[in-house]
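Chemist: The residues making up each chain are set out below.
Number of protein chains: 2
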Amino acid sequence: MDYRKKLIVEPGTKIKLRDIDPAFHGKHATHEAALTDLQKEVARLTQLQYLLYAEKKHALLIVLQGIDAAGKDGTCWHVLTAMNPQGTTVTGFKQPSEEERAHDFLWRINRHTPALGQVGVFNRSHYEDVLVVRVHKLVPREVWSRRYTQINDFETRLVDHGTTIIKFFLYISPEEQLERFRQRLEDPHRQWKISDADYKERAYWDQYIAAYEDMLQKCSTSYAPWYVIPSNHKWFRNLAVSRIIADTLEDLGMKMPKPTVDLETIRQQYHAAATTASI
Amino acid sequence: MDYRKKLIVEPGTKIKLRDIDPAFHGKHATHEAALTDLQKEVARLTQLQYLLYAEKKHALLIVLQGIDAAGKDGTCWHVLTAMNPQGTTVTGFKQPSEEERAHDFLWRINRHTPALGQVGVFNRSHYEDVLVVRVHKLVPREVWSRRYTQINDFETRLVDHGTTIIKFFLYISPEEQLERFRQRLEDPHRQWKISDADYKERAYWDQYIAAYEDMLQKCSTSYAPWYVIPSNHKWFRNLAVSRIIADTLEDLGMKMPKPTVDLETIRQQYHAAATTASI
Numbered sequence: 001m002d003y004r005k006k007l008i009v010e011p012g013t014k015i016k017l018r019d020i021d022p023a024f025h026g027k028h029a030t031h032e033a034a035l036t037d038l039q040k041e042v043a044r045l046t047q048l049q050y051l052l053y054a055e056k057k058h059a060l061l062i063v064l065q066g067i068d069a070a071g072k073d074g075t076c077w078h079v080l081t082a083m084n085p086q087g088t089t090v091t092g093f094k095q096p097s098e099e100e101r102a103h104d105f106l107w108r109i110n111r112h113t114p115a116l117g118q119v120g121v122f123n124r125s126h127y128e129d130v131l132v133v134r135v136h137k138l139v140p141r142e143v144w145s146r147r148y149t150q151i152n153d154f155e156t157r158l159v160d161h162g163t164t165i166i167k168f169f170l171y172i173s174p175e176e177q178l179e180r181f182r183q184r185l186e187d188p189h190r191q192w193k194i195s196d197a198d199y200k201e202r203a204y205w206d207q208y209i210a211a212y213e214d215m216l217q218k219c220s221t222s223y224a225p226w227y228v229i230p231s232n233h234k235w236f237r238n239l240a241v242s243r244i245i246a247d248t249l250e251d252l253g254m255k256m257p258k259p260t261v262d263l264e265t266i267r268q269q270y271h272a273a274a275t276t277a278s279i
Numbered sequence: 001m002d003y004r005k006k007l008i009v010e011p012g013t014k015i016k017l018r019d020i021d022p023a024f025h026g027k028h029a030t031h032e033a034a035l036t037d038l039q040k041e042v043a044r045l046t047q048l049q050y051l052l053y054a055e056k057k058h059a060l061l062i063v064l065q066g067i068d069a070a071g072k073d074g075t076c077w078h079v080l081t082a083m084n085p086q087g088t089t090v091t092g093f094k095q096p097s098e099e100e101r102a103h104d105f106l107w108r109i110n111r112h113t114p115a116l117g118q119v120g121v122f123n124r125s126h127y128e129d130v131l132v133v134r135v136h137k138l139v140p141r142e143v144w145s146r147r148y149t150q151i152n153d154f155e156t157r158l159v160d161h162g163t164t165i166i167k168f169f170l171y172i173s174p175e176e177q178l179e180r181f182r183q184r185l186e187d188p189h190r191q192w193k194i195s196d197a198d199y200k201e202r203a204y205w206d207q208y209i210a211a212y213e214d215m216l217q218k219c220s221t222s223y224a225p226w227y228v229i230p231s232n233h234k235w236f237r238n239l240a241v242s243r244i245i246a247d248t249l250e251d252l253g254m255k256m257p258k259p260t261v262d263l264e265t266i267r268q269q270y271h272a273a274a275t276t277a278s279i
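These protein sequences, in sequence, are chains A and B.
Read left to right, the first sequence gives residues 1 to 279 (the working numbering).
Read left to right, the second sequence gives residues 1 to 279 (the working numbering).
Do not take every clue at face value.
Stated by the list, open to error - What follows is a set of in silico ranges between Cβ atoms, one per label pair, in the way DEER data are often shown:
(1) TYR148/A <-> GLY26/B: 54 to 60 angstroms
(2) GLN39/A <-> ASP21/B: 33 to 39 angstroms
(3) ASP2/B <-> GLU32/A: 37 to 43 angstroms
(4) GLY253/B <-> ARG190/A: 19 to 25 angstroms
(5) ASP196/A <-> GLY253/B: 54 to 60 angstroms
(6) TRP205/A <-> GLY162/B: 49 to 55 angstroms
(7) ASP196/B <-> PRO140/A: 56 to 62 angstroms
(8) THR276/A <-> LEU138/B: 25 to 31 angstroms
(9) GLY74/B <-> ARG141/A: 48 to 54 angstroms
(10) GLY74/B <-> TRP205/A: 42 to 48 angstroms
(11) ALA272/B <-> VAL139/A: 28 to 34 angstroms
(12) ALA274/A <-> VAL139/B: 31 to 37 angstroms
These are calculated hints, taken from the structure and not from any lab test.
Glycine included, each C-beta is placed from N, C-alpha and C at the ideal position.
Please take these sequences and the hints and turn them into a complete structure.
Modeler: This is the structure we're talking about:
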């Protein structure tokens with residue numbers, strides 16, 4: 001299935017998240033049934049990232065957003081273990097530091113955009129400035145409401161430089177979030193992560209959904225589309241995300257660069273070295 | 001086998017690389033025979049990095065040096081696929097930029113040291129400033145010869161902050177390097193990487209060995225030891241490196257941090273949320 005067609009937010013359209021089933025899982029019924037496809041996508045990602053790294057004509061920026069426990073960390077790990085770590089960077093954007101707050105909201109983001117040949121993953125991003133910032137009224141409406149255009153302008157600049165931008169909104173149901181909180185609560189290895197705010201934020205669910213819907217409508221563009229990934233099933237989320245990335249990279253028509261040296265000359269150097277007893 | 005004991009450069013001792021067999025491979029005869037042990041070390045690394053990330057009391061800096069084709073990239077990949085990419089960064093240090101050259105040699109290095117909770121891998125490092133810089137006489141002897149002390153002072157500061165430093169010199173024979181060049185020459189996916197300098201650098205082999213030996217003697221310290229890793233066999237190199245890292249991390253006695261919240265209160269919040277029909 002072409003998940004790009006199925007899961008894209010068509011530029012300019014208003015979507016209602018309640019019309020999307022966060023438990024959607026495509027044709028496979030279980031993780032086990034999807035394993036072969038998952039491995040296939042991982043292999044494609046490995047090969048395509050190598051091409052991107054070698055060719056150095058494109059950069060790839062992957063943006064991950066989603067409510068707490070939606071699976072941003074897990075998605076990062078899944079996508080990046082397919083790739084050579086030398087060509088990738090993950091940046092997690094938390095509450096801005098004092099220095100970051102003293103600059104415009106895109107200043108800290110701009111410093112972490114991937115260079116040509118590189119893959120950058122943003123675990124949370126500049127979109128927090130129209131999400132948590134809006135929901136908790138950290139800046140007035142006239143400030144955050146101008147940011148959609150500012151974000152689109154910023155992303156246009158990145159695209160003009162050769163960056164491919166793919167944005168994933170990981171969508172889970174409130175029941176699934178609650179279940180994941182419960183698992184965390186009973187897992188001694190993850191209890192340290194639990195914050196008092198986890199449950200308090202749930203009271204803002206509807207406001208978050210409204211903010212997500214506006215973000216998706218206003219910032220899904222032809223050059224930097226948003227995809228809504230049904231994420232109740234982690235394995236489906238991983239499959240959809242990796243296939244969308246692989247399909248997008250494949251469309252770039254990247255080619256292995258030609259050798260910068262004359263291979264015949266190098267072969268002669270090799271034979272000269274190989275026939276020298278001592279080196 | 002305790003590879004730390006076997007492969008460490010004892011602080012203050014002068015080592016002769018020619019006394020070390022780059023084809024050493026421990027008790028296993030083949031890659032297949034070593035697979036179980038390799039997987040065991042990967043699992044240890046995964047668990048220990050999670051602890052480091054959770055506890056945030058230590059940072060880990062891994063320094064990789066070695067002649068061209070010694071396997072620095074492959075080692076990076078092997079070690080880092082065991083770890084959550086959110087807690088890791090690889091920095092490749094190439095020829096310094098104009099801005100970097102306008103600063104002291106540790107300026108660019110310092111910007112990439114890992115924060116507490118993070119793992120940083122340096123693919124080449126500040127040691128290039130006593131290696132290639134020395135061999136090709138890019139600065140006078142009185143400049144590079146002072147750098148050993150400056151490096152030790154710098155590393156002391158990192159260690160004082162909570163950084164564990166492990167330095168690996170990946171050691172291959174000239175014959176093995178030649179064989180790897182040959183493979184690269186015949187592999188269409190890697191021909192683009194071939195540089196005219198590859199063979200020219202081989203003429204400096206002995207000078208490099210002398211520079212490596214000085215670096216190992218002067219900068220293997222109790223707080224930031226160098227290990228010489230026999231690297232003709234890639235699988236042995238991976239096994240030795242990952243075991244040394246895991247053993248070193250284990251000695252830190254890291255503990256999962258305690259929850260910052262009262263779990264009973266959170267459980268009540270969970271039950272309150274779970275019994276609310278709508279959210």
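Chemist: All the hints need checking, so say for each whether the structure fits it.
Modeler: Okay, the hints, checked on the actual structure:
| no. | hint | result |
| --- | --- | --- |
| 1 | TYR148/A <-> GLY26/B: 54 to 60 angstroms | holds (59 angstroms) |
| 2 | GLN39/A <-> ASP21/B: 33 to 39 angstroms | holds (38 angstroms) |
| 3 | ASP2/B <-> GLU32/A: 37 to 43 angstroms | holds (40 angstroms) |
| 4 | GLY253/B <-> ARG190/A: 19 to 25 angstroms | holds (21 angstroms) |
| 5 | ASP196/A <-> GLY253/B: 54 to 60 angstroms | violated (29 angstroms) |
| 6 | TRP205/A <-> GLY162/B: 49 to 55 angstroms | violated (39 angstroms) |
| 7 | ASP196/B <-> PRO140/A: 56 to 62 angstroms | holds (60 angstroms) |
| 8 | THR276/A <-> LEU138/B: 25 to 31 angstroms | holds (27 angstroms) |
| 9 | GLY74/B <-> ARG141/A: 48 to 54 angstroms | holds (53 angstroms) |
| 10 | GLY74/B <-> TRP205/A: 42 to 48 angstroms | holds (46 angstroms) |
| 11 | ALA272/B <-> VAL139/A: 28 to 34 angstroms | holds (31 angstroms) |
| 12 | ALA274/A <-> VAL139/B: 31 to 37 angstroms | holds (34 angstroms) |
Checked against the numbered hints listed earlier, the structure breaks hints 5 and 6; every other hint is satisfied.
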